[in-house]
Each structure stands twice: as C-alpha cells, then as structure tokens.
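Throw the hints in and build the complete structure from the sequences for me.
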Amino acid sequence: MSGIHMTVSGAPEGMSGEIPLVLLHGFGGSGHAWDGVIPHLPGSVRVIAVDLPGHGKSLNSEGRGGAGRMAKAILAALDEAGVEAFHIAGHSMGGAVSALIALRAGARVKSLTLVAPGGMAREINADLLARYAKAASEADIRASLAEMSAPGFVIPQAVIDGFVSERARPGALEALAETYEAMFPDGPEHGQGVLPFDALAALDMPVFVIWGLADAVLPCPSPAALPASFAFSVLPELGHMLPEEAPEIVAGVLTQAVSAPS
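When the letters of the sequence shown are read in order and numbered with full-length UniProt numbering, they come out as residues 1 to 262.
These aren't lab readings, by the way, just hints derived from the structure by calculation.
Here are the simulated distance ranges between beta carbons: (1) S229 <-> G191: 23 to 29 Å; (2) A228 <-> A136: 40 to 46 Å; (3) G252 <-> E189: 35 to 41 Å.
The list that follows gives simulated cross-link-like pairs (lysine-lysine, DSSO-like), each with its CA atoms no further than 30 Å apart: (4) K72 <-> K134; (5) K57 <-> K134; (6) K72 <-> K57.
Cβ atoms here follow ideal geometry from the backbone N, Cα and C, with glycine treated the same way.
Structure (structure tokens):
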C-alpha cells in the first residue's frame, strides 16, 4: 500500500454516474485546502481530496520529494483504489503534480484544472516559501499565509488551526524541508523546475488555468506564456491562496471542467 491518504466526498461511488474529481493541494497544506470549495461543487460529483506525499495524513507515504515522485505515487494510489478515468485539479505545487499525472495517464484524465500552478516558469518567491515551510507557531503561520494571500484577506481561524495541528506532527517540518529542497533542483536562486511546455500543449483533454493577479508566490503570467489551447482566467485583486480566497470562483471553474466534453 502507498500510504497516501484520500478523503472521498460527494456522490457515493457507483451512484453518481460521474467521473470522479481528484483534488491536489499545494506545498505545505493538506486535502483540507479544498474544504471551502467542495460544498460549491455539484452534489453529483464524487470528489477525492488527496494529501500529497509528505503532507497531512500522507506524511510517511511513498512518493515524498519532488513533483515527479509525487505524481508517480499518487497515480499508483489511484490505481490501487480502482480509479480509472478521472478529472484532476491542483493548486500550486499540486498543479504541477496534476499536470505530470495528466502527462503520464493520458486518456484516463478527462480534464485538467491548474490553480496558480507551479512549474510554469522559473520565477517563484523561494524566500517566502522558505519562511512558510519553517512556520510552526500560530503567529508565524498566519504571517506566512497573509503574505501569500491578497492584501486585506483575513485567513479563517479554522485554516490557521489546521496548519498548526498538522505541523505539530512528528516529522512534519522535516518532510516540508525535504520537499522544499526537491522543488529547487538547481538551488532556490535559480528558481523552480519547469514543466515540459510542448508536452503540455499537446494534451488532448480540456485544460483550465486560473491565477490571481496579486499572486506573491508565483507571478501571474501573460496568456502568451501558456499553451494557446488552455482556457486561462486571471482573477484581479486575488493572491496565491485561491481555494481559500475565492472558493466559489474555484468551484465554478471546476464545475465547468467536469462538464466539459473531453
């Protein structure tokens, strides 16, 4: 067994007639990142929220390290769970992992949604992510998340409490340090690893991208920086933490994705 934790919600398996939606959170979070989004999705959709390797209840699972290792392990876990066709969406690092899964799984993936995804360009705020990865106290976590969100956005206390609880687990901060290092194969000063642009452009399934214009972690790109086939939406005045900042907007894009003809 992979040890990768998945939380299933929405329509029971076999009763919805829908292809499930797999959700991958960002670096340093957990599947709870989608708690505000899921209630706004159609009730007919079965949702599988995954804790990335080295995160949440997947702290000691297979696949810890970089996005490539995570993608391989999560796809194997979906195989173990009997999930064949699926939609997939990911935020930040989870976006990079989702894209790699789409590249690996091909026709099994019916749509891909990238929410402020990693891996689209070298530019990344490595210093902010370093502080975020080390944050363990309520004050430090709140400060890091505030920097990652749009100015004026108030981080819900329940979100802060969740981060504090998860990072108090033995080995949690060490796992984040390991993942942080894997994000920068050439060192933080050289930026993040970049996904293969031509391979992404050749994906057959519908691809949706949403990005906050005030993203302080991963700068919002111009449309020309992404494959022309991607449906790209820019959200003015929003930051990096889109599932928390704009859950209804994110849910709306996900609803569009799971309804799109593949």
